[in-house]
Amino acid sequence: MSAFFAIVKRDLTLALRRKNEVITSVFFFVVVAALFPLGIGPEMNTLRLVAPGILWVGALLASMLSLGRMFATDYADGTLEQMALSPNSLSLMVAAKILAHWLLSGLPLVLLAPILGLQFDLSSNALWVLTLSLLLGTPVLSLIGAVGAALTLGVRGGDVLLSLLVLPLYVPALVFGAGAVQAEISGLGASAHLSVLAALVLVAAVFSPWASAASLRIALES
Amino acid sequence: MIQKLFFYASPQNFYPLAGKLWPVFACLATGLTVWGLWLGMFVAPTDFQQGQGYRIIFVHVPASWMSMVIYLAMAFWALLGLTFNTRLSGMMTKALAPTGAICAFLSLWTGALWGKPMWGTWWVWDARLTSELILFFLYLGHIALTNAIDDPRRADKAGGILALVGALNVPVIYFSVKWWNTLHQGASVSLTKGSSMAQVMLEAMLIMGVAFWMYAVAMALYRVRSIILVRERHTQWVAELPEVKAQMMKNTAGGANA
Chain A
-4 MSAFFAIVKR DLTLALRRKN EVITSVFFFV VVAALFPLGI GPEMNTLRLV APGILWVGAL
56 LASMLSLGRM FATDYADGTL EQMALSPNSL SLMVAAKILA HWLLSGLPLV LLAPILGLQF
116 DLSSNALWVL TLSLLLGTPV LSLIGAVGAA LTLGVRGGDV LLSLLVLPLY VPALVFGAGA
176 VQAEISGLGA SAHLSVLAAL VLVAAVFSPW ASAASLRIAL ES
Chain B
122 MIQKLFFYAS PQNFYPLAGK LWPVFACLAT GLTVWGLWLG MFVAPTDFQQ GQGYRIIFVH
182 VPASWMSMVI YLAMAFWALL GLTFNTRLSG MMTKALAPTG AICAFLSLWT GALWGKPMWG
242 TWWVWDARLT SELILFFLYL GHIALTNAID DPRRADKAGG ILALVGALNV PVIYFSVKWW
302 NTLHQGASVS LTKGSSMAQV MLEAMLIMGV AFWMYAVAMA LYRVRSIILV RERHTQWVAE
362 LPEVKAQMMK NTAGGANA
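These protein sequence lines map, in sequence, to chains A and B. If you read the first sequence in the working numbering, its first letter stands for residue -4, the second for the next number, and so on. If you read the second sequence in the working numbering, its first letter stands for residue 122, the second for the next number, and so on.
Just chain B, with the same shape it has in the complex (with noise of 0.2 Å):
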């Protein structure tokens, strides 16, 4: 089991694994997301306070999750590669990363639209929408650092660190925010909702959460491919790979015409 996992830690290893995985994920995703969405959308009775509109909890919870998820995995995998020096495992982490933000961005989206119905107002500067948005400018300070550095080594290595530094502070971002809110502003707008959630709505909630899982893995395979094609360019077995000689005959070919 080790030696397999070991043994897929190489990207030229791990490259086909990923193409085989990630389509078996994306269908997963979208056959959850479609099954979790009709439930939503359509089975969940409406709210008797909130109407219909508290329906984009179906999309906005689940990005939340995710939002804090990513963050977490790409920690992880910046421990794996900070403290065994492969380089699969700065690949992923610089693969999580634009779901990560996607996924904050989507759940502060949501969020508003949600807010300006329920509370009358599209922002409030509440625990957890605050601490929501710095997570989402940790995702834009990783995916800058990683991009300004040319060396790819040294890209992912300081990558890790910030991972890891800003995975330490997560959580002591959102107690301080959390405390701060509860000095300043009292319990104006509580986000916490009661346990008297119905049981339909619940399940939906919980198919949209792991259909956003799904997504985000699916997202990261596909994405760490082609981190690893870029980066593993100059390698024979690239040039072997059927896709890159397809493409490089679809070239040369393009070229005589020309």
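Isolated chain A (complex conformation) (with noise of 0.2 Å):
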């Protein structure tokens, strides 16, 4: 368990040498917020519905743009073959790096959201439950992204083929996230959607560091 937690600090102090990278994804967060007004119109009826689904793909959008680096560096400098030479269970290491990545890459969308929420005119009702469907689905984004980056970890163009694996794999969290609002908005209540959200992350988290410690095997192995 020290391992666990001597993976988390490690990241974090690394990511904050580099803020830069943190920073550029929770920007594109943003910016890619308040592009669809301008795309679709200022009509603030129109806003309002479309507004879960445009902060939960951006969410989905910022979070895939980090999930490269999750092992990338430490596959270049040879960080992770002591990992996975080391005694400790490569799961555990893998699960602290994708904790490390969430705090880096999902926490502060899910601090953000409310924010951008204001723009689309979000009731408040509705704003705490967009920041609650992203606080239980980020995770499952870093969860699933995980395995993705350990698969194509060391391959050619593997960023653009990362998007292609991992983004059909985020459809539950997309329509379990954005609908827990719309469900909200529409009076219906958003327990239910919530309930699955954290179905689905502890699921994801029970087998989500297994698989991509295998894949990491593997990429290692060759």
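Hint data in this document are derived by calculation from the structure and do not stem from the laboratory. For each residue, glycine too, the CB sits at the ideal point set by N, CA and C. Check each hint, because a few of them may be wrong.
[Unchecked claim] Rough simulated footprint, nothing fancy, chain B against chain A, three-plus residues with beta-carbon under 8 Å:
| id | stretch |
| --- | --- |
| 1 | 157 to 165 |
| 2 | 200 to 212 |
[What the hints assert, rightly or not] Sample of chain A residues at the chain B side, in silico, Cβ under 10 Å:
| id | residue |
| --- | --- |
| 3 | Asp72 |
| 4 | Val142 |
| 5 | Gly143 |
| 6 | Leu146 |
| 7 | Gly149 |
| 8 | Phe171 |
| 9 | Ala173 |
| 10 | Gly174 |
| 11 | Val191 |
If you follow the hints, you should be able to join the two separate chains into one complex; please do so.
Structural data, given as structure tokens:
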């Protein structure tokens, strides 16, 4: 367990030394959310309808941006091999890297989402649900994305390939995440959607570190 | 029996078996297609609601079935390959993927062709259509990943993990899309057909289903033979194959002439 926290701390320290990368993906989210009203038109009733989808797709793409870096630098300088050789379980260490990735790319989006939601004139209840759905949903994105990042490690054109692999697998998180906000707006109540999202996080948290570790071993083998 | 299975797990032993089997499956596929299409196009009565246009289901439904079955088959081979570390399993996964992608595409395409006269639109965001589209994306992702990795062993294993993750995800995607669809669109267009299908229509559809199945098996076996040849081209047994020898003779003769 000490290895787990050591890796989380290390990844956070490394990322904060190069703040640029973290800030870029956050700004990407802000810019994408600002572009949609320009494309759709300033009609508030329309914007209120599409807001959950836009913010969620924005979050999906923003977390996608930083996925490629999850293992790449460690792979390049050999740290990953040392991790695989260490007596600690590789799955546990991968879980630590996923947690660090979420703290750096998912959590900022969760904190920003209510502010962006205000631009779309969401009610305060809807803003709460939006934040909650992103809080439950963005870890799913990091968890599923980790498998894709591990599979495309060191592959030619890996970044584009990664999006092709991972985006279809994000569909359930998107459906229930954006659906939760829409259900809240339409007065149906969001608890069912949020429960399913929570279930998705739990299932992904069990399987993803294990599958990512297996994929990393394949990448390191060759 | 088990020993026999392990015997054929070696590409060297499977290559001649696949060579014997694929023409059988191809003949079965051709015969059943002719029979099924004849039943579907000429014998089955015209539908009183949909007219002649409904006859596209004899291609559409089997293609959709096969697109799902092939993904499961890929996951099965992937699981086998990852647990037993057999080379042939990875080759089978790779051989199945293009046929699955074609079936998914065919299903989407015929669905659109059917949708236009029946519902007046090429595309609806119906649960089945959407999950079929996502399945198509999963196939494309699998093909892209296995083609991007140069080392065949790594490509097989990475493709195997992706196939398994995808197979776990397909039901989740289907139910999430279904829920999304029922919440947002209401039952504007229902694809669920009544069970009052004429007997002969059902028969034709089932025959076409089996025909597609045979076609998929034949194509997979044919493709896996090519994959085996490419991957094992440095080995002695490939060099000693009569067809490879004949080709080599031709090449050297051609080279001498030129």
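Outcome of the hint check:
no.: 1; hint: 157 to 165; in the structure: holds (count 5)
no.: 2; hint: 200 to 212; in the structure: holds (count 4)
no.: 3; hint: Asp72; in the structure: 21 Å, violated
no.: 4; hint: Val142; in the structure: 6 Å, holds
no.: 5; hint: Gly143; in the structure: 8 Å, holds
no.: 6; hint: Leu146; in the structure: 5 Å, holds
no.: 7; hint: Gly149; in the structure: 9 Å, holds
no.: 8; hint: Phe171; in the structure: 6 Å, holds
no.: 9; hint: Ala173; in the structure: 9 Å, holds
no.: 10; hint: Gly174; in the structure: 6 Å, holds
no.: 11; hint: Val191; in the structure: 8 Å, holds
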